[in-house]
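J.: Using the hints, put the two standalone chains together into the complex.
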Amino acid sequence: MASHPTRPSLSRWIIIALFVSGMAMSYAIAAVTASGSEVNVLGVVVVGLVIFGVLTVGLSWATEGRRKAVNRAMAGLITSAFGLALIPLVSLVWTVATLGVARFDSQFFSSSMRNVVGAGGGALHAIIGTLEITLIAALISIPIGLLTSIYLVEYGRGRNRFSRWVTTMVDVMTGIPSIVAGLFAFAMFSLFFGPGVRMGFAGAVALSVLMIPVVVRSSEEMLRLVPNELREASLALGVPKWLTILRVVLPTSVGGLVTGIMIAIARVIGETAPLLIVAGFTQSMNYNPFNERMMTLPVFVYNSYSSQGMDAQAYLDRAWAGALTLIIIVMLLNLGARIVSRVLRPAGNH
Amino acid sequence: MGKIIELDRVNVFYGSFLAVEDVSLTIEPQTVTAFIGPSGCGKSTLLRTLNRMHEVIPGARVDGEILLDGANLYDDDVDPVSVRREVGMVFQRPNPFPTMSIRDNVLAGYKLNHDRLSKSDEDEIVESALKSANLWKEVKNRLAKPGGGLSGGQQQRLCIARAIAIRPRVLLMDEPTSALDPISTQAIEDLVSQLKKDYTIVIVTHNMQQAARVSDRTAFFNIAGEGEPGKLVEFDDTSVIFSNPSKKNTEDYISGRFG
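Chains as they are written, first to last, in this note's numbering: chain A, 1 to 350; chain B, 1 to 259.
Just chain B, with the same shape it has in the complex (with noise of 0.2 Å):
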């Protein structure tokens, strides 16, 4: 089942350079948390601190609490590769290893980490991802085929399909339909709307009219201007945030004005 996310003041730094500024925000469980607002304000950075990804990126820090059902991440004797096995995440541009057949991308979790399973949990496992990831139907008759064969909308479900074999609390989405065509892009917005029954989910995301589609909740971010960092304007229930925004900001972005 899906975990809460709590964060607490929140500042995330690039080196001694400040990226996001002071965020405070609660997702609830099995809820779709919409994550708005123009380039450059520090949504992807702040969504990737939510699995201590950023931490690729040399020079990356967070100060501030990010709790996962009131345990934070952040506490020195939490290992950031199990924070990942528990958040889950999916890129804008879909990743599948290229070396891999599809079933051993759906399995690279365990692959990869050396995990053991038999012949019949691997089945399991393999057909349950996939179905989830609506796309079961499509690939159970070449699961032995390269997963770089497919097009990018399969590719990008089987990238959904490998983070939820592993099965996450908590699903974070940058962009996931941003290299995808229109089709593709309503099937993953289909399967959004399945996942949050399990899952938490966290999407970043440019196209506002998917923000107002898949999300029950939305978090504009802004920032000032170049070299500013980015900053919480409005966090509200999706249908507040594109009909009554409470800020002027919001609403000028909502309504095509800026970004």
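Pulled out of the complex, with its shape left as it was, chain A reads as follows (with noise of 0.2 Å):
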């Protein structure tokens, strides 16, 4: 019999002592072949824990039969798949934390870099770009995704030649690389405002570009979700198709909604390609999205980057902080979108 019920499994002792024996051996094993130099801590902690796979499997099968140390074997390599896919993620968020948290002063959210020239300066001018361009693509891309996903879902059900087409499209505009929402965005103002323009709002419209298709997509697959049942019980009771969707669909969709077009934001609101064509950049405050160049956050950090000054370490500190800045506002919306979809889940469905 391969296994049998009462066959006693591996404790959780076991499990301990298997583990602390493979880090044993790996750092055994550094210290002889390393002699002299220094151990390497992460080629110790990697070697070590292959050895108590090894290990673990190895008496797995020995004791309780070939099926648990396969499962074993499976639940550790699933393990180290999701390990080595947080580990780029952690290294990156530890990254700009260390390097950002330099110039992550007061300063740098109260002052613009208008006549700085090498340390001190700020990036007031580039967050209030930012929030400003982000607010009016979000305000041109929701009604106009919400309402196409609303078409698409509930007026377009029977698959009409319409919606297909412009299922299409949402598909097509999906993959399109931001610079052509750029050059798009800056060949339509150029028509009205000559050649050359520059300014927020044009930054605004060739983002609205790349979120669109954005919201429609998810929007889409939050109102599909809703039971047809509940639009049926809605109708049943003679209510009208349009308040159906305004009073039935939308308040039962509306966490869903909601998460959706935060998504979308954080997904443009790190763009740099389009902004660095139609907003341009420029050292100095600018509250005006309808005039002038504004600068933004990812192309501050580009910027700062690339054309490091005399004093190099401030504009790579600038950079860096610019980027811990960018990484903390798309994380607040995010648990700004989760709160939001929390408070206005339906309730009683558990």
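Hints are not guaranteed to be accurate.
[What the hints assert, rightly or not] Over the 10 Å line for every Cβ pair with chain A, so calculated as not near, a few chain B residues: (1) E6; (2) R9; (3) P38; (4) D63; (5) D69; (6) D76; (7) S82; (8) H114; (9) D121; (10) E124; (11) D190; (12) D236; (13) D237; (14) N244; (15) N249.
[What the hints assert, rightly or not] When the alpha-carbon atoms are kept at most 25 Å apart in a straight line, the in silico DMTMM-like pairs for lysine to aspartate or glutamate are as follows: (16) B/K196 - B/D237; (17) A/K241 - B/D237; (18) A/K68 - B/D237.
Hints are computed from structural coordinates only; laboratory data are not their basis. Ideal placement from N, C-alpha and C gives every residue a C-beta, glycine not left out.
T.: So, in structure tokens, the structure goes:
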């Protein structure tokens, strides 16, 4: 018999012992081979984990039988894959946080780069620009995207030719490179305002070209999740279709819609290329999105890094602080989305 | 009070597919009429044409006449929305609105339409609808709680309360107990018997015992085969259908030889 129900399985203490001995073996190997030079901690941990895995699976095969050994091997592989996926993410956040914290001070959030050479200065102009441009992009994209998805789900139900065409166009738009969106906005605004136009609003238009398809796609999925039975229940009560959509479909899916919109905002807030073209860059404050160049955080980071001045370290520190600020803004948006969708979640479905 | 429903040579199509062919029957006011028959025979489809809910499905259309107290539901100037206020509907699976409390679910027909009611009118409607649906005692102390927290049978009675709160004349029930346990089924069946003194009720059911228990008249539908339209085979008093049907086909179905 391969495996008997009463056969004892490996206890947690044995697993811990195996882990410790794996690490010890790995350290011993490293100490012997690296005689004299310094021991690489990361290398020891990775080799130790591999030894631990081999030991566990081997012991499991010998005492627990083949099925449980295979289960442990697979669980180990899946956990390692998860760990691998996590490494770049943790490393990125760690790098940005440690390098960004140097200039993450009050001056950074209270002054622009006007007349600053070398150390000092701040990114207030870029933060204002990013917030204004993203807000305008959201104001343009959310109504268009939401209404398009309502059309596709509620009115294009018969999969008519027009709704298929819209769906295809949205798919194509999802794949547009962001630089193309920037060129599009630049070309369009040049027609109205003459060549060489730069303004924050044009940047917002470029971003909404990128944002609309994301909003349409995510909202469409969320609206399709609303059970048809709820629409029928409402219609059968003599409620017109538009009120059914407004007062039954949208409230039921509002949590998902908000999450989708926040993801779309996070997607465009870090765009650099289109803003570099149409919003340009400047060292000064500019609160007016309809006039003159406007700095944004991604462009600020790019600019600080690419054209370092006399005191190179001061420019690099500002670039990292700008990156950290951008990540924090995105994280706050995601946090806000979670809170909103939790508050608005339909009650009682447990 | 309930209304009389007359169907005259009704055909129902999905696109070019004929789903129900040539049905003529008369449903008397304040009676319970059961539609029975095998799956796919068009009984639910026909039920939905009685309040124009079939129009929700793209391509569905009706020809022939359906008269509600003599007025054709399909006249050009008839608004399907107003038809549905006269002819309420209860569905197979309980579908209370998850975003609303029990109280708001009962009032949904008014609230969703922005109808303004005084607080006392609202209270009165909620209480009388829930009492009619035999649910008042169970929920009167938790009207502000969400409707989704009730048991399946209670949810279905909540849906019935919601349907009758807007005071329709006719109540359509599309297999209202097929998702419920026997005790909840019993509660709904008792309720149907009480409601018939105020409403004309049409109930679609797969359960022949249920048809025999609750209905006054029974219509048996059948299809000749896959892709064929459903037809009305026999329509008579329930006692006659279940004891002495005139068609061989009906007898075979009733006695469980097919379907």
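J.: What hints, given by number in increasing order, does this structure fail?
T.: Those not satisfied are hints 7, 8, 17, 18.
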